[in-house]
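Enquirer: Go ahead and model the full structure; you've got the sequences and the hints to work with.
There are 2 protein chains.
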Amino acid sequence: MFNTQIARKHSSETRSQILDAALALCRERGLEAATMRDIAKHAGVALGAAYYYFPSKEAIVQVYYDAVGDEHSLRVQAAFQSANLDLEARLRAVFHLKLEILHGDRRLLSALFRYTGEPEHPLSVFGPATRSNRQKSIALFRLALAGEKLPEDLAGGLPILLWALHMLLLLYFLYDDSPEQSRTHRLADSGISLFVRMLTLARLPLLKPFRGGLFALLRDAGLFSEPTSPAYVVPQEEPS
Amino acid sequence: MFNTQIARKHSSETRSQILDAALALCRERGLEAATMRDIAKHAGVALGAAYYYFPSKEAIVQVYYDAVGDEHSLRVQAAFQSANLDLEARLRAVFHLKLEILHGDRRLLSALFRYTGEPEHPLSVFGPATRSNRQKSIALFRLALAGEKLPEDLAGGLPILLWALHMLLLLYFLYDDSPEQSRTHRLADSGISLFVRMLTLARLPLLKPFRGGLFALLRDAGLFSEPTSPAYVVPQEEPS
DNA sequence: TCTGGGTGTTGAACATGTTCAAATAATGGC
DNA sequence: GCCATTATTTGAACATGTTCAACACCCAGA
Chain A
460 MFNTQIARKH SSETRSQILD AALALCRERG LEAATMRDIA KHAGVALGAA YYYFPSKEAI
520 VQVYYDAVGD EHSLRVQAAF QSANLDLEAR LRAVFHLKLE ILHGDRRLLS ALFRYTGEPE
580 HPLSVFGPAT RSNRQKSIAL FRLALAGEKL PEDLAGGLPI LLWALHMLLL LYFLYDDSPE
640 QSRTHRLADS GISLFVRMLT LARLPLLKPF RGGLFALLRD AGLFSEPTSP AYVVPQEEPS
Chain B
460 MFNTQIARKH SSETRSQILD AALALCRERG LEAATMRDIA KHAGVALGAA YYYFPSKEAI
520 VQVYYDAVGD EHSLRVQAAF QSANLDLEAR LRAVFHLKLE ILHGDRRLLS ALFRYTGEPE
580 HPLSVFGPAT RSNRQKSIAL FRLALAGEKL PEDLAGGLPI LLWALHMLLL LYFLYDDSPE
640 QSRTHRLADS GISLFVRMLT LARLPLLKPF RGGLFALLRD AGLFSEPTSP AYVVPQEEPS
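In order, the protein sequence lines correspond to chains A and B. One gets the working numbering by counting positions in the first sequence from 1 and adding 459 to each. One gets the working numbering by counting positions in the second sequence from 1 and adding 459 to each.
Any given hint could be a false lead.
Lysine-lysine pairs mimicking BS3-like chemistry, simulated, CA-CA at most 25 Å apart [unchecked claim]:
hint : chain 1 : residue 1 : chain 2 : residue 2
1    : B       : 608       : B       : 667
2    : B       : 516       : B       : 500
3    : A       : 667       : A       : 608
4    : A       : 608       : A       : 595
5    : B       : 516       : A       : 516
6    : A       : 667       : B       : 667
What follows is a set of in silico ranges between Cβ atoms, one per label pair, in the way DEER data are often shown [claimed, not checked]:
hint : chain 1 : residue 1 : chain 2 : residue 2 : range
7    : A       : 685       : B       : 679       : 30 to 40 Å
8    : B       : 500       : A       : 487       : 30 to 40 Å
9    : B       : 659       : A       : 544       : 34 to 44 Å
10   : A       : 507       : B       : 472       : 44 to 54 Å
11   : B       : 540       : A       : 533       : 52 to 62 Å
Hints listed in this document are in silico derivations from the structure and should not be mistaken for laboratory results. Source: prediction; values computed, not measured. Virtual Cβ for every residue (Gly too), placed ideally from N, Cα, C.
Expert: This is the structure:
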């Protein structure tokens, strides 16, 4: 048989060849159309090798998802350290950096939303299995709000609310047909601007009962307190 | 070969046998675990027969989805006609009737959310293919608001906003582990109550700029105006 | 240099969604 | 009643995700 594959020193090299081939094919054709056999072929390995490194096709998406989260954290922290930004600018940084990272990866992002309605699934964006990723993302919003003097209820709830809004924005992003998804970027900006204005308003004691009503509602729903079950960790590969 | 199947007069009978078997199995084990072979076997037909009546497994879910929509419309209209309800009671009716219909069908509902992130997919809840179903649902919220004197911007946007909130509630419903999903029902009630109180507040001219800001935002995002492409109709079977 | 165990790698085999050509039943025209 | 046409039904065949037993390679220790 013709030896088409390049010599490879380490298994980690094989792994990233498979990952790279998988991501490239998924970006190009979407998750469905990128078959494991194609991925293996493009990576220059046999089908079984792909399953040696990744327990399933979804696991590859999971690795991508985690990598996006890490990259986002890095970029946001870098942005916050390099300049002294006000709240609006910080929020803009968090949103736009995320969109930049995901730019060109809409087909991959699509795959992530697939398990939204399946609480048990390891890739459910709201499920226990993605908790650590989610917490990291929420922490960025908490960081963006850190400088603000806020009543306690707002300080606790707003990061989660912002995270939820950011998820909705990603959904919009998937449906956005405008060139380069410029509409999504504009929506983010105007949304943030509105949010900041409303935050000023929400601080007024006059509105306390309403604000309190909303936050009490969300708290009662359990949306502000994830069960802290540290046992629930996804077994997964090292990100490349 | 043993003739296990009952005599059947019409093909429509075969069809509903397949549909019934499919829904029963999906309710019991979820969409994944209910294989087409099992469905066919339970319906007393060969595998191919299932595909004669339904172009795909998803198509069965689609039929279910449409049936839920129709049933919801019927029940809501009946409720509105049988009694003179105020806004809050009407909204409660819309929400709780939906939850009642879906009660016990969470595994089926799960399947519906699967394509949320795939605009092109015929089952995407936000996609063009489900537009008619969505419009029917939005119309119910418009109906619930019909008696209210509202500024024009609110009258146009609120039904869509309520529909979106109702979708979020369904998502919560899927994650709700409380017995009989009582938490979801409570969340609906307190959410509606808060909504009605906020509506009163939103009418104040004082808040016009903020209200206007939010609605302008959503309008700019194109969320209030679906492209009216009547050509985009899902080819589908008659609901049973 | 040989050996053994661990690490990588392979492709056949399996389950399941889907397609399709062929077989069978129903129906209508004569 | 008989034939042609259509509607229904069948199960084999195919593609793809996944599993797994077997094989190849590497290298420490003798």
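Enquirer: Take the hints in turn and mark each one as holding or not.
Expert: Each hint, compared with the structure:
no., hint, verdict
1, B:608 to B:667, "holds (16 Å)"
2, B:516 to B:500, "holds (15 Å)"
3, A:667 to A:608, "holds (16 Å)"
4, A:608 to A:595, "holds (22 Å)"
5, B:516 to A:516, "holds (21 Å)"
6, A:667 to B:667, "holds (19 Å)"
7, A:685 to B:679: 30 to 40 Å, "holds (33 Å)"
8, B:500 to A:487: 30 to 40 Å, "holds (39 Å)"
9, B:659 to A:544: 34 to 44 Å, "holds (37 Å)"
10, A:507 to B:472: 44 to 54 Å, "holds (47 Å)"
11, B:540 to A:533: 52 to 62 Å, "holds (59 Å)"
Checked against the numbered hints above, the structure violates none of them.
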